[in-house]
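Novice: Heads up: the protein sequence lines correspond to chains A and L, in order. Following full-length UniProt numbering, the numbering of the first sequence begins with 1 at its first residue and continues without gaps. Following full-length UniProt numbering, the numbering of the second sequence begins with 1 at its first residue and continues without gaps.
Heads up, some of the hints might be wrong.
Part of the chain A face toward chain L, derived, beta carbon under 7 angstroms [claimed, not checked]:
{"no.": "1", "residue": "ALA108"}
{"no.": "2", "residue": "PRO110"}
{"no.": "3", "residue": "ILE114"}
{"no.": "4", "residue": "LYS115"}
{"no.": "5", "residue": "THR118"}
No lab work stands behind these hints: they were computed from the structure. Here the structure is a predicted model, which is why all the values come from computation and not from measurement. The beta carbon of each residue, even a glycine, is placed where N, CA and C say it ideally should be.
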Amino acid sequence: MVKLTMIARVTDGLPLAEGLDDGRDQKDADFYKQQAKLLFKNLSKGHHEASRMSIETGPYYFHYIIEGRVCYLTMCDRSYPKKLAFQYLEDLKNEFERVNGNQIETAARPYAFIKFDTFIQKTKKLYLDTRTQRNLAKLNDELYEVHQIMTRNVQEVLGVGEKLDQVSEMSSRLTSDTRIYADKAKDLNRQALIRKYAPVAIVIGVVLMLFWLKNKIW
Amino acid sequence: MQPPLGNERPPPPGRPVSAFVPGAAVPPPPFAAGGPFARPPQSGATAPAFGAAPPAAMGGFRGPPPSQGGPFGAGPPPQGPFTTSAPPSQGPFASAPPSQGLFASAPPSQGPFATAPPSQSPFTSPPPSQVPFAAGPPPTGPFAATPAPFRPPPSSLAQPQSPTGGALPPPPTYARPTQGYYTGAPPANPQFPMSRPAFQQPVQTMPPPPMGPAATFGNQAAYAGPPVGGTLQSLVEDFQSLALSSAPGSLDPGVDVKGLPRPLDGDEEPVKLMEAYPLNCHPRYFRLTTHVIPASQSLVSRWHLPLGAVVHPLAESPDGEEVPVINFGSAGVIRCRRCRTYINPYATFADSGRKWRCNLCTLLNDVPGEYFCALDASGRRYDIDQRPELSKGTVEFVAPTEYMVRPPMPPSYFFLIDVSVSAVRSGLLQVVAKTIKSCLDELPGFPRTQIGFLTFDSTLHFHNFKSSLSQPQMMVVADLDDVFLPLPDDLLVNLVDSRHVVESFLDSLPNMFHDNVNVESALGPALKAAFMVMSQIGGKLLVFQSTLPSLGIGRLRLRGDDVRAYGTDKEHTLRVPEDPFYKQMAAEFTKNQIAVDIFSFSEKYSDIASLGSLAKYTGGQVYHYPSFQAPTHGDKLKLELNRDLTRETAWESVMRIRCGKGVRFTTYHGHFMLRSTDLLALPAVDSDKAFAMQLSLEETLMTTQTVYFQVALLYTSSSGERRIRVHTAAAPVVTDLSEMYCQADTGAIVSLLGRIAVENSLSDKLDSVRQQLQLKLVRSLKEYRNLYVVQHRIGGRLIFPESLRFLPLYILAICKSLALRGGYADVSLDERCAAGFSMMILPVNRLLNFIYPSLYRVDEVLTMEPNKIDASLKRLPLTFQCLDTGGLYLLDDGFTFLVWLGRMLPPELVNNILGLSLANFPDLSKIQLRESDNELSRNFMKILRTLREKDPSYHQLCRVVRQGEQPREGYLLLSNLVEDQMAGTSSYVDWILQIHRQTQS
């Protein structure tokens, strides 16, 4: 059963539409939404991914397809047939491209096509029950092959991005740290110099002062 | 003997004339003798004249023992001149033989002036002496009646006076109010005489006024008249204009009642501020009670009025001034790192455009690369003209994803309709169903709009609107203790998909419950059910309630209108919600972005106080239609419901007001839920709702020159866009109290004071709430007086700043407003609460019109050409004397139109407009105005239309009342004439005098 549906632009991860009242009766919906958003972010960073993929997370699966720079993502129960899920996404894609195809690139604000949610809602209802005649027919349809679609774990997918993030973060920290180090070294140098010559300078100063005083008084 | 005397005087007009001449000639000497009074400057400069007055006299005036109080009775020194004047002054009376006799009998026998000598003390007391003044000059008709109140007190000695009073032909129309004034006057008088001598001179040197009976009086006025006119005048004039208009001609006492300041032009937006601060947002969005910020705590404590602001974030902007929308795209909304202020016109750029300094917290922020632009020589960005956020005080930003916790919600409307017997009988269902049906096309948010219905009596009826059905299915849930939803979805459906089902439901709704005889109403469980249906999406819940909730949780008692509670410490408990259920429910609703609008129709008590708290904490609104009957109230309900459903609404919004260092907003007033200390949660907000808040200073001394304010409203529009509306304003910091008075904004002050008063009435007695209001006014005027009175020696005058000239009247009007007036018997508890809820949300201009309604005379306008009508409608002061028995008047308070038919109104006019004749004594309460086929009626309806167009937020219900039709006239009209005296309240003039007296003590 479909739990979540999101449509986003791949180039910058901008959400374009989302199913209405998704996450009803689901306490952890926010957590998975967050994960889905991270996924989009990863995709937008250009980690090249297959255009169709299933990702397992907790008791659910994320399924997504990327077509025309738009990512259609849905979250289903593990038991839900993969084939149907991808059929569902395919349906969404066809309708979305038909309605909004030419505006996708120019959309500037988040959820610019939120009106699409009514269609998502309607389509979702068609796919709710896996045992309706219509869905059974789809399942048996061999035309659409889903076997070779890769399945990965969410930690893995998000991890790639995380690692990269870590590296870049570490390098940037390194640059800033070296700069601090250089400053500190200079400072230390100066202090060493002072420590070395200050006593001598003071002694000489005192002696000179004494001489001067002597001249002045006597 | 005296009465005949009085009667005797008026008939021979010739006599007074003769009497007058010597009289006029005589009076000057005393004053000339008085030296100092001889050359008093014009009225405006009275003060120096006082200064010159002999000290003894001064003393006499100051210590106002009534026995001695009159200027003339001030003691030996002043008496000198008067004694000299005595014989001549007797002259005029001599011409009227009997009167002379009378005077002779009075020991000191000094004619009119004789009133003065100490021996005559009872008579001398200021009031009588004032009377003639007032009565004096020709137009004084109003004062004619005045002697009456004085007649009784001074026993035998008083009587010489009464004849003169009787001599005047008193114009009856004005009699009432003036009388009210004078009865109130005496205590205040001791101060007034001060100004008298100064005023006397100019008038006396003037050529004698026209003669005749009135002239006789004018003669007396020569001694007495001007001063009163003058005192009143001086009472009225604010300090600044006092210096300007010193023409003695303005002493014309006709001014006194008419010359009191009246806000007949309605609200004055402080538009001139826009010139001083062109980068500020328009005052329609944000108004400070005084457009400066005091620099120190001590200054705040001397400003006794509230310090705060009125915010109307979604005020409708006129065409051509639409709010610009800005999309920062990938740069994200530019905000200060520390205080989260949005970029605004007052932000300055530094470091050749790479940094910007936040004007609220002065932090230097980086400018994102995408937003960078070079600066010109003066430090302005080159692209400032292309960027409205840097040149306009009001802008809207498109919110990026970070500002959304969920995708933008669709507008959704859920109707909770009471179908118990009273709703059916009153025809309510019919009107509601019809109206909703007619609005379906205009509901905002096509094609995402969601809609749902739940009807209830003693059970809950759910309706399934699944789009595949041809007829809606009704499911009845009788279990009120444990409410559950019979269906998981299809109770709240997409309007486009299920349109036909919804329509067929609305068609059948009135018939469905046509035979319902159920009297119970299970509102509490119904609210719970509605909450379950809506909790996922949020939206607007419209509750149509026609009886007191009687079943299940949230059941209410018939506690209201307990006459015994009034005047006791328990009085306020009637005005607060009884059952905590409603507040808890409201909190739940707000959390789930649900706003509740209450429509109440009960003819009996229905505890609006409890029901209204649902609207209060969810940003909703309360509509109250007492004793709803479809034929009369149908139109009003229809149009107001229509407005509620179709107006542009901002959903799931939050509002925060940031302000510069040193100041802080402390309390907020309006309909909202406070989510943290300064974040207002507003499930739905629209252009009909305004909010008010109070400021306090955090530091004892302000270090900055200017304080900035920024109102930010984050909302979802009906079209599904998430937006941030930002209003920015700046106000200077001042160290001078007079500057604060100068920049005060009466509208904002009244709005804030009204809200505070309504809130106080929930925890205090009405009486003490009104007293608090008065106290605030008095304190602030006293403070103002202390600023000026010493250096300008304007002893006996009430002075107030130009900017606050309407404040006394407005505060009087708040005290007499529906929410706060009177006690138990004056307003029903429900109406009082409903008015209170309305006052909490009304924007400034509508609030002012509500407490001080507009009164128009229409019969003269009706015959004009239709296109001139609008311009020739003039507002009249709200006092009974403005009503002419031959006129047709219209009173508009924003909620109701009241058509008042004068007794002498030509019958054919009435016939044309009402379509019936008054001669048959029809029941005017059931009358409905329809346009009939004649010029007058068309024009009349046109007037109503134009007035309604001015304020589309409510539809004014038109009621007709005829003069003398009690008790309706008293209830509908007279109680709204706020300038008149009503049971237990003072008239405007009284009020001013009262305030004046208190500011001096």
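Novice: A separate judgement is required for each hint: does it hold in the structure or not?
Specialist: A quick look at each hint next to the structure:
Of the supplied interface hints, the one on ALA108 (chain A) holds, with its beta-carbon coming within about 5 angstroms of a beta-carbon of chain L, less than 7 angstroms. Satisfaction of the interface hint for PRO110 (chain A) is found here, the shortest Cβ-Cβ separation to chain L being roughly 4 angstroms, below the 7 angstroms cut-off. Annotation: ILE114 (chain A) was flagged as interfacial toward chain L, and the flag holds, the nearest CB pair being 4 angstroms apart, inside 7 angstroms. A least Cβ separation of about 6 angstroms between LYS115 (chain A) and chain L falls short of the 7 angstroms threshold, and the interface hint therefore holds.
Of the supplied interface hints, the one on THR118 (chain A) holds, with its beta-carbon coming within about 6 angstroms of a beta-carbon of chain L, less than 7 angstroms.
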